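Number of protein chains: 2
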Amino acid sequence: MRFIIQRDQLMESIQHVMRAISARVTIPILSGIKIEATTAGIKLTGSDSDISIESFIPKEEDGIVHVEEIEAGSVVVQAKYFPDIIRKLPLKTVEIMTDENDQVTIRSGGAEFHLNGQDTVEYPQLPVLHTENSFEIKSDVLKDLIKQTVFAVSTVETRPILTGVNMKLEDDFLHFVATDSHRLASRKLPMEATSDQINFTSVVIPGKSLSELNKILEDSEEKISISVTENQILFQTNHLYFLSRLLDGNYPETSRLIPDQSKTIVYAKTKELLQAIDRASLLAKENRNNVVKLQTKENNQLEITSNTPEVGEVVEGLSTVGKEGEDLKISFSAKYMIDALRIIEEEQVKIEFTGAMRPFIIRPMDNNYILQLILPVRTY
Amino acid sequence: MRFIIQRDQLMESIQHVMRAISARVTIPILSGIKIEATTAGIKLTGSDSDISIESFIPKEEDGIVHVEEIEAGSVVVQAKYFPDIIRKLPLKTVEIMTDENDQVTIRSGGAEFHLNGQDTVEYPQLPVLHTENSFEIKSDVLKDLIKQTVFAVSTVETRPILTGVNMKLEDDFLHFVATDSHRLASRKLPMEATSDQINFTSVVIPGKSLSELNKILEDSEEKISISVTENQILFQTNHLYFLSRLLDGNYPETSRLIPDQSKTIVYAKTKELLQAIDRASLLAKENRNNVVKLQTKENNQLEITSNTPEVGEVVEGLSTVGKEGEDLKISFSAKYMIDALRIIEEEQVKIEFTGAMRPFIIRPMDNNYILQLILPVRTY
Chain F
1 MRFIIQRDQL MESIQHVMRA ISARVTIPIL SGIKIEATTA GIKLTGSDSD ISIESFIPKE
61 EDGIVHVEEI EAGSVVVQAK YFPDIIRKLP LKTVEIMTDE NDQVTIRSGG AEFHLNGQDT
121 VEYPQLPVLH TENSFEIKSD VLKDLIKQTV FAVSTVETRP ILTGVNMKLE DDFLHFVATD
181 SHRLASRKLP MEATSDQINF TSVVIPGKSL SELNKILEDS EEKISISVTE NQILFQTNHL
241 YFLSRLLDGN YPETSRLIPD QSKTIVYAKT KELLQAIDRA SLLAKENRNN VVKLQTKENN
301 QLEITSNTPE VGEVVEGLST VGKEGEDLKI SFSAKYMIDA LRIIEEEQVK IEFTGAMRPF
361 IIRPMDNNYI LQLILPVRTY
Chain Y
1 MRFIIQRDQL MESIQHVMRA ISARVTIPIL SGIKIEATTA GIKLTGSDSD ISIESFIPKE
61 EDGIVHVEEI EAGSVVVQAK YFPDIIRKLP LKTVEIMTDE NDQVTIRSGG AEFHLNGQDT
121 VEYPQLPVLH TENSFEIKSD VLKDLIKQTV FAVSTVETRP ILTGVNMKLE DDFLHFVATD
181 SHRLASRKLP MEATSDQINF TSVVIPGKSL SELNKILEDS EEKISISVTE NQILFQTNHL
241 YFLSRLLDGN YPETSRLIPD QSKTIVYAKT KELLQAIDRA SLLAKENRNN VVKLQTKENN
301 QLEITSNTPE VGEVVEGLST VGKEGEDLKI SFSAKYMIDA LRIIEEEQVK IEFTGAMRPF
361 IIRPMDNNYI LQLILPVRTY
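Going down the list, the protein sequences come from chains F and Y. Going by my numbering, the letters in the first sequence line up with residues 1 to 380, in that order. Going by my numbering, the letters in the second sequence line up with residues 1 to 380, in that order.
Source of the hints: derived by calculation from the structure; they are not laboratory data. Please read all numbers here as calculations on a predicted model, not as lab measurements. One or more hints might be untrue.
One copy or any two copies: either way a pair holds, since identical chains are not told apart in the list.
Mimicking DSBU-like on lysine-lysine, the simulated pairs with C-alpha atoms at most 30 Å apart in a straight line are [to be verified]:
#1 Lys92 with Lys138
#2 Lys88 with Lys215
#3 Lys285 with Lys80
#4 Lys263 with Lys143
#5 Lys92 with Lys285
#6 Lys215 with Lys297
#7 Lys80 with Lys271
#8 Lys215 with Lys80
#9 Lys43 with Lys208
#10 Lys329 with Lys88
#11 Lys88 with Lys269
#12 Lys168 with Lys215
#13 Lys350 with Lys88
#14 Lys335 with Lys88
#15 Lys88 with Lys323
#16 Lys271 with Lys215
#17 Lys223 with Lys263
#18 Lys271 with Lys59
#19 Lys350 with Lys92
#20 Lys285 with Lys223
#21 Lys88 with Lys271
#22 Lys43 with Lys188
#23 Lys285 with Lys43
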């Protein structure tokens, strides 16, 4: 194998595939990056068995030459050293070649590295997905779906299925739901007529896979093709191939958790409410579970309070945009409320309560596609 | 105590005094920030016994009002909460007041915090320095002196005196020296005639104190007054008072370590050499002490190599600007060399060797005020 490549291009691909490489792997060769050179270009692969990422650098694209003098071949290089070496090379181009003993030579200007490589025959073959279950969405829309839900997945392994995001297709909506059983985040996306050819209904994607995918995807309108099989999901763009296993098991039916009526509705400015709760939580960090209290007051006022006897107390007064229904006192995790409000870009939110001990719902005003649900904490 | 203060101004002072506050203090009240209000303005104090910092916010300065409605008084607030509270307040001004039980009320917009404060009578009195040993240097020059030496102090406590920087005044030069016994950094500053009134000759300032001071000082031409007593040193600007204890004991005489002749002199481009050594060190991290080898070659070439059998090897070829004297093979810590080259702003450096087992000297070209010395490592 031998080729000369643009360093920036190579570095970007390395950063992408590194997202799948973990320091703690059971198969030693997976601590490496697989490099494959063909006449079409260079393909890098990283995998930790759960996630596999391939990044392709075409020989030439839009008239710009990325790779030159390609001699086909492949090798696995140690991911612990290869990225730092490439990043620090002195010139804009790098020559990479292997000998018959899988010794890798990396050359750029006066710098010459010889790394012990490994034969790619030992590298696990990535599964080839055979599926008709494909649909496309825009990269920036997929990033939104991920950001608006993935924070709510469970981080404990007591119920493994809850560490994933439930992706459903129903009634011409693509629907992402995540819950850790204390709060829930839901985002719907109206789908166009392409849904004819899709016949999966519900899968559960590991939260970690979506978080890594979100870090790689660009905030652009580029189309991402999503393909689903029984065990795996593939996100594919022009030069990126992101494969994740799916979680086994049935995701709980969450729709019945969502109250269909409310006793108190509060309309508030998203940012003001977020900042008031953030401040109130400053003194709530040492009490149980970061709990703050919210109370409706006269003249459409809200009061948010928190109190840790050894430290002190905080009282936040806030004018709402409006209030309907009964007065209310409720306690909840400031962290959950902050997480929920942070992903809402709309200026105003609507919060629907059904009493101090029932879950409440946060939605952006005039946007029914985002729904956040939080279970209160018993303190009164 | 009561006053209304500009939040940004208060925040800056808090950040300054926080540099002296440590989570691990033996005197509990030192985990707090002391606030004193007088008709002149507000003074904040932070201290961990070793370092004490006072920051003063005048009531009014250059026609700009920083503090209003001052009622004199003082209190100690918990440093764990106070900075975050002030930073997150909603308005540009903050009202701070205490009651007779040292309860502190912090008010800004709809936010109201009540913090348990402590009586300042328990806060240790900072020593008042009585000394004539004062001199002034510019803030940016003092920052340079610190940056060019403090990295070389010892980080182990086997010889406590080496954890400090030796500040000497001799032959009309202010001289900073630091060494961990494997390398040495030295910087001289020609002093003006003011030195008449100074009669200290040599003190040792804890490296940590200088690092913290460097973080607070601005890169400006503002004058810093430096006062020295037997046990303490005070750095003072208009609104800042930075007091540090000095280290006990005699600093070793370092001048005799510096070779007065050389067998090989290499002239190199600072940045090129730094980058080549940085790359060579990538594969040296797992061998003993991050060691690289340097070898002079024909035609004014240098070769820097490193080798870890399990990983691979690197060969860096570099054109020097010139070479005088014998050929040379020498091994040294890449980290020490990188530290030494990083603080040199000049384009070219002069490296003087006296053989493979003798310390060598790195200096910027045409600047005799900076000197770096590194002890080689025996490998050949």
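Status of the hints after comparison with the structure:
In this homomeric assembly, lysine 92 and lysine 138 never come within 30 Å of each other (Cα to Cα): the closest approach is 32 Å inside a single copy and 41 Å across copies. In this assembly of identical chains, lysine 88 and lysine 215 lie within 30 Å of each other by CA distance both inside one copy and across copies; the values are 23 Å within and 28 Å between. Only between protomers do lysine 285 and lysine 80 lie at most 30 Å apart by alpha-carbon distance; the minimum there is 11 Å, versus 38 Å within a single protomer. Taking the shortest alpha-carbon separations for lysine 263 and lysine 143, neither the intra-copy value of 34 Å nor the inter-copy value of 62 Å comes in at or below 30 Å.
When the C-alpha separation of lysine 92 and lysine 285 is checked against a cutoff of 30 Å, the pair qualifies only between copies, where the shortest distance is 25 Å, while the shortest distance within a copy is 49 Å. Taking the closest pair of Cα atoms, lysine 215 and lysine 297 never come within 30 Å of each other, the shortest separation being 42 Å inside a single copy and 46 Å across copies. Only between protomers do lysine 80 and lysine 271 lie at most 30 Å apart by alpha-carbon distance; the minimum there is 25 Å, versus 42 Å within a single protomer. In this assembly of identical chains, the alpha carbons of lysine 215 and lysine 80 lie at most 30 Å apart only when taken from the same copy (20 Å versus 33 Å across copies).
When the C-alpha separation of lysine 43 and lysine 208 is checked against a cutoff of 30 Å, the pair qualifies only within one copy, where the shortest distance is 24 Å, while the shortest distance between copies is 48 Å. When the C-alpha separation of lysine 329 and lysine 88 is checked against a cutoff of 30 Å, the pair qualifies only between copies, where the shortest distance is 25 Å, while the shortest distance within a copy is 58 Å. Proximity of lysine 88 to lysine 269 under the C-alpha cut-off of 30 Å is restricted to the inter-copy arrangement: shortest distance 17 Å between copies versus 47 Å within a copy. Taking the shortest alpha-carbon separations for lysine 168 and lysine 215, only the intra-copy value of 22 Å comes in at or below 30 Å, while the best inter-copy value is 52 Å.
Taking the shortest Cα distances, lysine 350 and lysine 88 sit within 30 Å of each other only across copies (24 Å), while inside one copy they are farther apart (51 Å). In the homo-oligomer, the alpha carbons of lysine 335 and lysine 88 lie at most 30 Å apart only across protomers (16 Å), although the nearest pairing inside one protomer, at 40 Å, exceeds that limit. Taking the closest pair of Cα atoms, lysine 88 and lysine 323 come within 30 Å of each other only across two copies (26 Å); inside a single copy the shortest separation is 59 Å, beyond that limit. Proximity of lysine 271 to lysine 215 under the C-alpha cut-off of 30 Å is restricted to the intra-copy arrangement: shortest distance 25 Å within a copy versus 33 Å between copies.
Taking the shortest alpha-carbon separations for lysine 223 and lysine 263, neither the intra-copy value of 43 Å nor the inter-copy value of 65 Å comes in at or below 30 Å. With identical chains, the CA atoms of lysine 271 and lysine 59 are never at most 30 Å apart, being 48 Å at best within one copy and 33 Å at best between copies. For a Cα distance limit of 30 Å, the shortest separation of lysine 350 from lysine 92 across copies, 28 Å, qualifies, whereas the shortest one inside one copy, 53 Å, does not. Taking CA atoms no more than 30 Å apart as the test, lysine 285 paired with lysine 223 passes in neither setting, with 42 Å inside one copy and 42 Å between copies.
When the C-alpha separation of lysine 88 and lysine 271 is checked against a cutoff of 30 Å, the pair qualifies only between copies, where the shortest distance is 13 Å, while the shortest distance within a copy is 42 Å. Within a single copy, lysine 43 and lysine 188 get their C-alpha atoms no closer than 35 Å, and across copies no closer than 54 Å, so neither meets the 30 Å cut-off. With identical chains, the CA atoms of lysine 285 and lysine 43 are at most 30 Å apart between copies only, with a shortest distance of 29 Å across copies and 47 Å within one.
Taken one by one, the earlier hints fail for this structure at numbers 1, 4, 6, 17, 18, 20 and 22, listed in ascending order.
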